[in-house]
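Visitor: One letter stands for each residue in the lines below.
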Amino acid sequence: MTSPLQQKIKIAGPSVVTANRLGDGAVVYRTARHQWTTDIADAAVVSNATAATELLTPAKADGINAVDVYVAPVKLEDDRILPGNLREQIRMRGPTIELPYSYGA
Amino acid sequence: MYLYDEFDRTLLTERVSEFRGQVARRLSGELTEDEFKSLRLMNGVYLQLHAYMLRIAIPYGTLSAVQMRRLAHVARKYDRGYGHFTTRQNIQFNWIKLAQLPDAMADLADAGLHGMQTSGNCVRNITTDQWAGVAPDEIEDPRVWAELIRQHVTLHPEFSFLPRKFKIAVGASDHDRAALRIHDLALRMHKNGAGEAGFEVMVGGGLGRTPFIAKTIKQFLPVRDVLTYIEAVLRLYNQYGRRDNIYKARIKILVHDKGGEQFGKEVDAEWQNIKDGSLALDKDVIADIATRFQYPDYEKLLDNPPELKAAQADARFATWHANSVSRHKQSGYAIVTLSLKPIGKPTGDCTADQMDKIADIADRYSYSEIRVGHEQNLVLPQVAQRDLPEVFKALDAIGVATPNVNQISDIIACPGLDYCSLANARAIPVAQEISKRFAEPNLAKSLNRLHVNISGCINACGHHHVGHIGILGVEKNGEEFYQISIGGKADENAQLGTLLGPAVPYDDVVDAVEDLAEAYLALRERPDELFIDTFKRVGVEPFKERVYATR
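If you read the sequences in order, they're chains A and B.
Numbering of the first sequence is given in numbering that gives the first Met the number 0, commencing with residue 0 and proceeding in unit increments.
Numbering of the second sequence is given in numbering that gives the first Met the number 0, commencing with residue 0 and proceeding in unit increments.
So here's chain B without its partners, still in its complex pose (with noise of 0.2 Å):
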């Protein structure tokens, strides 16, 4: 866990100070929706369909138990005893009152929590791997270089009004939990020919109505140089990024525009003045960031305990133990991720009464750990394989045992139209009916690894363009219809989706994607070939044929 200092906490409460007398300045007339509206923005505080949302950052998706409950506090004291966890590691309430969002950001405020940065044209929460720290395939923890960046950036004035939104992740595995290149920026640590840790740029990444995959503009960085290449990568879009036309505003148009390669010249010819000025980072500073990340005292474990061995004759804990429990750097140890995704119920979503059993859970099995994945699951990151019999027990009595993690039923899906001010067609009620259609276990498992990925609109919050199948909701005449296509991914090899024909509407989508899984199974070459791997071979147009066959 980081450990937060007394500059945080002092942060954190004048924040809330100072919006408490922004919203009641607002209640009393003296501020309009014009001029208050970026400030709630800046806050995290959005209008939606029915309600204020209120959008949490969770940096780099690590919370502590006692965050976690934190969390439950104040959806059920102020919003109606759920919140949703999103693509980006964060959480929203969809519920809040105006009145009572000061005292919500002050019960945050109190375990190191708040939603600034989450909107408005600022760099926003730093997302990196859910695994981070505990990955075996891991170089080094990437949430200290997530930390440092997020020093820098947080309420830094010249980033504070950017021409548009921007992203950051960071990944240090060979394997991209974190969906880099889909990023406006991403690093990627990797080692040179020397052995030394440095990092991949990408530049340029995003999804939404013009979607890129990101660019490399610098293949190795040296870590000292990070804060200073960054810095450089920004200036240039402060000042060339369009502030004209806000769908051209993001920086993948200006890199598109320029060219990977031009834009990387001219990021280093910015970066040539201020490379070896303050921001260069010295040892020190690095390893006092990483000091504050706390690690367990794990105790010396064999893998595969007799406890582990004995439970495996149980099909239930089998079957989850195969789906949901993946190898942890640490001999002895498990990484478990929670599916917030039970068959036929929202995706992403959590109660405030499983919030307070996982911090439960993760108090007594995860050293009071809990991450947040942008696939909008949970991860208790340290369990030791002797309690994994318990843990199941205890999960899957709150219900985030569903054994579906990676299949078909594990559905990436923005909130859509049922909440969305934005959204043009629902999405959560389509995930819904996917994943009863694909209830059997067998038959979901039969499908190996299916990433289902759902959009309301072309913002692309469910990060459609990158789903193995990508969905889109549009309006046509005042009726949902849904684009779908296919051979999209986000990992280390991100593509895009190929869009596999006309859209379909509401009623037929459940059976359109049931027609590509089964087109799949007809046309894989082995038990073991993946959809995606399928699509890379055979292309769009077996799969096309049989979703339109009939329609």
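With the rest of the complex left out, here is chain A (with noise of 0.2 Å):
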């Protein structure tokens, strides 16, 4: 039986790494040089489970600059990434909702 932690990824179409920055929890994207941005557009897009994996695990591994690793869909349009349903779309761009101190008294 596979452990939880060796099953294969399973991804149904362009997809990013991405986690949340230890400092201050920012969201980060892992690039092709195996290095962390918050501009989805230097994110290195993987297509299939194998290069999926080989991304993912040493992002796994770095524990000091992120965590919360995870395999998240991305679109691709004109060649630009974009993110691949709302929870990654707030993600990347914040709340969908003007925020309060934008209103203060």
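If you are wondering where the hints come from, they were derived from the structure by calculation, not from laboratory data.
Straight-line Cα separation of at most 27 Å, DSSO-like style, residue types lysine-lysine; simulated pairs:
no. : chain 1 : residue 1 : chain 2 : residue 2
1   : B       : 96        : A       : 59
2   : B       : 166       : B       : 190
3   : A       : 9         : B       : 475
4   : B       : 475       : A       : 74
5   : B       : 36        : A       : 59
Beyond 12 Å from chain B on every Cβ pair, some chain A residues (computed):
no. : residue
6   : 8
7   : 70
8   : 77
9   : 80
Every residue gets a Cβ at the ideal spot worked out from N, C-alpha and C, and that includes glycine.
Both chains are sitting in their own frames, so use the hints and assemble them into the complex.
Guide: Quick look at the structure:
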């Protein structure tokens, strides 16, 4: 029986590896050079499980720069990398609402 | 206000120092995330979608003006200038940096504030009636009992690793303003036939994916036995609560599986072993805690003074007064609710500038006292009626005098997918759109008391199961959908809502709520029949027909 930690990753389309930065929780993406970036445009896009695993494994091992590492779907439009679902959109762009400080007393 | 002693201050100082070391070791890599996570959670630090979130306990919802200013300071210095008041009388800051957390906690500790036991599998912040100590229908101030329990369970080693979190609420009025029956354990003070005050003990309430209304396991518990009895409940939970399945670990599952009567018998058996031990309360201990709650030296004032009568000529003041001002136990005084539900804005949020000004207003008009209610509004509990016109002007100037308390736009909503890593759908924008749809004051007023509760996931932080109209966000094939239920309530006759039918898409939610409102207006027998009473009389079907007729 395969350990849950060794189970194969299933991805349905283009994906990136994402996490939260340890110091401030900011959303970061894994680059092809195995660094972290806050700009999704610099993220490495993978489209099969093998490539995703190769990107994910060292990312998870980097426990000092980022936490809660996982594979997230993206959409590719006109060579741009866009978040693949609403959750990832909100992670990248922030809350969909006007924040209170902008109408403070 | 409660006066903290040297023991409380030392505890907080030592805790901040300990956490400072833990953060330093995490940032240096000495601690892994797995090792650090439980340590940060013990201090109320979560990692959310975009940042760390710090949850700060406001025991029994009581804040001093000094503490409110300190919250404003933390919001301004370490966060983005605002905080979010929650349904458990806590406040959350959404954008704190890990490295700055120890400094923020040190600043909070100076004012007696902390995040201990706002997370993790321990006894959480003890909540109570936001009108405690001033409610006219109250037997005695329930905060005394909440404080006794708080002191007993704080960092209690036996109760720091429970199967799951444990929420306690205490009430002492006929009318339940603390949502007692949706808590793991709740105490309701009442009097027995001999006129003695004691507690009804309710256990096993809770919402989430398996909602239950708490069952009464003790009809009358003498006050001396409060700690021993709670100890017996917690021991039983510690021993038999499930630890193999997080979804079945809350005490509500244990109580449901055993049955309330059997659970009560087992608690009683455990209790017999400890009821006369060192935790039995003597009158001196109770009196000592009670003396640390200081009450204003009230002036002798009459109700409805000339200043108040004259101000009623102003229609805006009269509307606000009728909606947001309640009767106080002391003649000539009033309880004022500050709506944190401005039309079209996020629910429960408060900016640092607003916090500072509310503190100023509390200093001037409410003996420096502020309360937080589980409905995510604030309260000034000690306002002289003659000052109400000035208080209204001051509150109106900072946007916290929207006269919508208990109306359809006074919505309880969790942060939802805009902030929360557990959420499946957004809650705040839905609340904003509903409040805009019903912004017209006469329309909202015509709907009478109508509670809308919204949760962004099945964990039910927005208490959707007990909303008159409850809305639960779910995700279907990557899209936001919302299940609607009606007929829930969280008061002394608490009940869970009835699911209306299939979930509706995001764009249809507000229309569906409007359909429910229109159905209610058409179905009610009298203008003063409440939505919840109409539901009780006619059931779910007429509402269901209205909502799904065109969908």
